[in-house]
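Asker: From first to last, the protein sequence lines stand for chains A and Y. The numbering of the first sequence is the numbering used here, which starts it at 1 and goes up by one. The numbering of the second sequence is the numbering used here, which starts it at 350 and goes up by one.
Calculated directly from the structure, the hints in this document are not laboratory data. Treat each hint with caution, since some may be false.
Stated by the list, open to error - Between beta-carbon pairs, the in silico distance windows are: (1) A/Leu23 to Y/Pro593: 40 to 46 Å; (2) Y/Leu703 to A/Thr138: 54 to 60 Å; (3) A/Asn159 to Y/Pro593: 48 to 54 Å; (4) A/Ala203 to Y/Leu409: 56 to 62 Å; (5) A/Ala109 to Y/Ser849: 47 to 53 Å; (6) Y/Phe604 to A/Ala109: 39 to 45 Å; (7) Y/Lys887 to A/Thr138: 42 to 48 Å; (8) A/Lys35 to Y/Phe424: 35 to 41 Å; (9) Y/Phe885 to A/Thr138: 48 to 54 Å; (10) A/Ser324 to Y/His625: 50 to 56 Å.
As the list claims (entries may be wrong) - Some chain Y residues flagged as far from chain A (calculated, every beta-carbon gap over 12 Å): (11) Phe376; (12) Ala416; (13) Gly435; (14) Leu505; (15) Phe604; (16) Ile744; (17) Ile931.
All C-beta atoms, glycine included, are put in the ideal place defined by N, C-alpha and C.
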Amino acid sequence: MDPQSLQSLIGIAQILLVLIFGLVCVNLYLVFRLKEIDPFAKWNPHQINGTLFMVFMVVGTVAAFVSTGAWSKHFILINDPASEHGKEIDFMFDITTVISVFVTVLTNALLFFFAWKYYSKPGQKALFYAHNNKLEVTWTIIPAIVLTALISYGIINWNKIMGDAPADALEVEINAKQFDWTFRYPGPDMLFGETKVSYINEAESNLLGFNTADKSGKDDIITREIHFPVNTNILLKIKSRDVLHSPTLPHFRVKMDAVPGMPTSFHFKPTVTTAEMRERRGEPEFNYEMSCQQICGGGHWNMRAIVVVETMEEYQAWLKGQSSDKPYFVERENGAVTSETEANLTLNQ
Amino acid sequence: MSDMTAHTVHNGNGEDHSHDHHHHGNFWTHYVFSQDHKIIARQFLITGIIMAAVGVLLSLLFRIQLAYPETAFPFLETILGKWAPGGQLDPNFYLALVTMHGTIMVFFVLTAGLSGTFSNFLIPLQIGARDMASGFINMLSYWFFFASCVIMLASLFISTGPASGGWTIYPPLSALPQAIPGSGLGMTMWLVAMALFIASSLMGGINYITTVLNLRTQGMSLMRLPLTVWAFLLTAIIGVLSFPVLFSAALLLIFDRLLGTSFYLSDIYIAGELLHYQGGSPILFQHLFWFLGHPEVYIVLLPALGIASEVVSVHSRKPIFGYQFMIGSMIAIGLLSFIVWAHHMFVTGMNPFLGTVFMIFTLVIAVPSAIKAFNYIATLWRGNIQFNTPILFAIGLVSFFITGGITGIYLGNAALDIPLHDTYFVTAHFHLVMGSASAFGFFAGVYQWFPKMFGRMMNARLGYAHFWLTFLSLYLVFFPMHFMGLGGVARHYYSNTAFSFMEVFVNLQTFITFAAFLGGTAQLLFVINFFGSIFFGKEAPLNPWKSNTLEWTTPRNPGHGNWPGDIPHVYRWPYDYSKPGIKEDYLPQHIPDEEVEYEEGFPKPATIPHREVSPRRVAEEAAEE
Chain A
1 MDPQSLQSLI
11 GIAQILLVLI
21 FGLVCVNLYL
31 VFRLKEIDPF
41 AKWNPHQING
51 TLFMVFMVVG
61 TVAAFVSTGA
71 WSKHFILIND
81 PASEHGKEID
91 FMFDITTVIS
101 VFVTVLTNAL
111 LFFFAWKYYS
121 KPGQKALFYA
131 HNNKLEVTWT
141 IIPAIVLTAL
151 ISYGIINWNK
161 IMGDAPADAL
171 EVEINAKQFD
181 WTFRYPGPDM
191 LFGETKVSYI
201 NEAESNLLGF
211 NTADKSGKDD
221 IITREIHFPV
231 NTNILLKIKS
241 RDVLHSPTLP
251 HFRVKMDAVP
261 GMPTSFHFKP
271 TVTTAEMRER
281 RGEPEFNYEM
291 SCQQICGGGH
301 WNMRAIVVVE
311 TMEEYQAWLK
321 GQSSDKPYFV
331 ERENGAVTSE
341 TEANLTLNQ
Chain Y
350 MSDMTAHTVH
360 NGNGEDHSHD
370 HHHHGNFWTH
380 YVFSQDHKII
390 ARQFLITGII
400 MAAVGVLLSL
410 LFRIQLAYPE
420 TAFPFLETIL
430 GKWAPGGQLD
440 PNFYLALVTM
450 HGTIMVFFVL
460 TAGLSGTFSN
470 FLIPLQIGAR
480 DMASGFINML
490 SYWFFFASCV
500 IMLASLFIST
510 GPASGGWTIY
520 PPLSALPQAI
530 PGSGLGMTMW
540 LVAMALFIAS
550 SLMGGINYIT
560 TVLNLRTQGM
570 SLMRLPLTVW
580 AFLLTAIIGV
590 LSFPVLFSAA
600 LLLIFDRLLG
610 TSFYLSDIYI
620 AGELLHYQGG
630 SPILFQHLFW
640 FLGHPEVYIV
650 LLPALGIASE
660 VVSVHSRKPI
670 FGYQFMIGSM
680 IAIGLLSFIV
690 WAHHMFVTGM
700 NPFLGTVFMI
710 FTLVIAVPSA
720 IKAFNYIATL
730 WRGNIQFNTP
740 ILFAIGLVSF
750 FITGGITGIY
760 LGNAALDIPL
770 HDTYFVTAHF
780 HLVMGSASAF
790 GFFAGVYQWF
800 PKMFGRMMNA
810 RLGYAHFWLT
820 FLSLYLVFFP
830 MHFMGLGGVA
840 RHYYSNTAFS
850 FMEVFVNLQT
860 FITFAAFLGG
870 TAQLLFVINF
880 FGSIFFGKEA
890 PLNPWKSNTL
900 EWTTPRNPGH
910 GNWPGDIPHV
920 YRWPYDYSKP
930 GIKEDYLPQH
940 IPDEEVEYEE
950 GFPKPATIPH
960 REVSPRRVAE
970 EAAEE
């Protein structure tokens, strides 16, 4: 039998089974109904529900831990941080996890345990116990202290991560649009040429909107992959030309929205090269990836770019290999506005 | 209307009027354009259930896509036509489904369906009022909501598709039809529907606040209000203060879309064209949106917590633990909810200094939340728990509240939010703490007050099955989402196959989809039970749960006006369950001290405690004479 007809046979068999099961249920129900038998008459709902809560707690806790363990090797957000501040974030994550797992398990356990322990039994009377201010104050103050500690730690880290970029940081520009990324490196002069959305001219492939009068843009390098030299401070300059995007480099714990009309930035220091990470993970095909994590339209799910971290030498070599040729730049006297720019301006207004 | 208001105030002699109202109304005024809060509550309830069915079905559709991103299902093309060419969802339509699921569930189900139903039903009944302060505005509130539902649902059927920019409708995506087809007519309809919704919500809210503050029966001081009413009051206050801000946000977005203003837009080149917008800021919209959006979380959650307080106390036959702390923590949550909104925006390009401020308040709000959770647990301790269906859902709610709430500590911490923002970790967090917990509050409320609403009991066994299947499946759906979040899987992704670090989770997506279908199917039990019991349920006793609150003192099918005779007075708080020395294990609020039945051999208190009479009442009564 060919696999396709086998497939459809299995499909039919499954439907039949479901139908039979349904019919059996209906039958049983009708039989009990007509004979006025209540098969569950002896069940005590208090006991059953109370016990089920206890079972749920035990099975649920075990299942939660086992499944977390089983999936943990894929938790790239808390394993193997590839950036300096990533280690801090991961450490904070671990502390928060210890506290919150403890609290969640304990409180859920008490909730379900009490549900089982105090289910209604004949002759049982509830305790009239309306308040106890000492208890209330206790469980106000303890969470308050724990949270204060977490907040303080969080604030210190946040300010460190979000503070000014080191002066020596290498600037890389991320340009987002629906639905891809374009990266720009400043080139040998270490200066980005001016770009403006209003200068964009797709007919001349001026996708980033270079001001062709600004010569510092002429040596800018435009790429489709983003490369970083390892152990170097990187300052990402993030722009969008249409809607919100959010360049996300999960392995580096980097994320910042790209906002049209408002450039944003994020600085970090990658610490593990792609090659090292491949070795560590035992995956020769591994690549760092960059995704978009702010809903941006139909292609949102597919805005992928490869991120490469390499040694400074490799990085320099790669950069040299990238073309900085931009046909829309026409050599003229320094500072003079080219006719192309004027043409762009009129075209776009 | 005016005479209704009048005799709610003169709570002594409303008898004849209420009968008049009951009998004079024809079908239209009685069931359709009714001003009776109980009918309006049922209208909200049934509309809410219908919207919930739509919202859940939309989610099941996109769950199919997430589970089998590269498989074609011909039946999808049959039912969806061009939205599923070849049996696979169109990516734009996928986003439309996500957007409409979020919008419908958050606003139409968990705001209007929950608050609209139970605030309407319970406020007058539990405070001892004959109706809302304005029955007419209350009626308008429902019909604005109805119109809003119609427009929102109609937008599902237009050729460019419904709004697709996510339920948060961030511009520029939501402002530019070039960016996504759903931002055309679909978005306009979304905005119009939401404007009507906000109007409905404000009319409801103003009414709830006025009613609670002015129409309480004699003896019902604020500190004798059931926690449900406290929750509804605070919810209404939060809503009245925050919804107008969403309205203004929506209005400016409408201007940007239709009149060419630049409130939110600047420097945009899209679809081969430079747009004229200059100087606007998308971040401004996010501030305005979340100024409502975060309080909205508590608008959804507080009524559920209030219902849970009542239900846990009644069915464990114990006073709610820490009544005053429960109120205090709700007030604290209400106040803080207005100054935490920007924790949704840590990585949107907002000034990082603001991040610090909002991080502090966000984690502070965890403290009153923790108090509430502990108080529920303490209420169960040494109770005599009657496992009726409502308390199952209330306990489930507390569990979701804890498990989902705790991840808020991660997300509220700005530094940890950097990697976690907009991943499935967030999806898991708010679906547990806000979605599931509030949905369980809704179910607890329906099972608890169904006997009062329809005069019949719901089937308990179907209720148990409904609870266990739903409880289990919700955990199975949302708990594994934490794993995907930690794996960096982004929300709103049509398919997880484009990235190697996400691809490993496709199997887990499949598992979640099966769990979601289990949960979705389980809701049929509820629907059958609900609609079946309306017609065929066992006739309900007057006070089926032996509860203390006033709603159970009304006759089986109270007409407009609630009590055929005088409105009962109130002599104590609502949580005297299992009070030592009292004959029964409950002591309703309306029983005067001298009529309390004590256990045999228990010495009656020598002096009858002082009966509180509010000075306002005395003044009013004096004025009447």
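Asker: Evaluate each hint against the coordinates.
Answerer: Structure-based check of each hint:
1. A/Leu23 to Y/Pro593: 40 to 46 Å: violated, 56 Å
2. Y/Leu703 to A/Thr138: 54 to 60 Å: violated, 33 Å
3. A/Asn159 to Y/Pro593: 48 to 54 Å: Between A/Asn159 and Y/Pro593, where Cβ atoms are some 34 Å apart, the hint is violated.
4. A/Ala203 to Y/Leu409: 56 to 62 Å: Since A/Ala203 and Y/Leu409 have Cβ atoms about 46 Å apart, the given range 56 to 62 Å is violated.
5. A/Ala109 to Y/Ser849: 47 to 53 Å: violated, 38 Å
6. Y/Phe604 to A/Ala109: 39 to 45 Å: violated, 53 Å
7. Y/Lys887 to A/Thr138: 42 to 48 Å: 45 Å Cβ-Cβ, so the 42 to 48 Å window holds.
8. A/Lys35 to Y/Phe424: 35 to 41 Å: holds, 40 Å
9. Y/Phe885 to A/Thr138: 48 to 54 Å: Taking Cβ atoms as reference, Y/Phe885 and A/Thr138 lie about 50 Å apart, which means the hint holds.
10. A/Ser324 to Y/His625: 50 to 56 Å: violated, 32 Å
11. Phe376: holds, 35 Å
12. Ala416: holds, 15 Å
13. Gly435: The assertion about Y/Gly435 holds, with a minimum of 16 Å to chain A.
14. Leu505: Y/Leu505 is indeed farther than 12 Å from all Cβ atoms of chain A, at 18 Å.
15. Phe604: holds, 17 Å
16. Ile744: The claim is violated: Y/Ile744 sits with its nearest Cβ about 6 Å from chain A, within 12 Å.
17. Ile931: violated, 9 Å
The structure does not agree with the numbered hints 1, 2, 3, 4, 5, 6, 10, 16, 17 stated previously, though it agrees with the rest.
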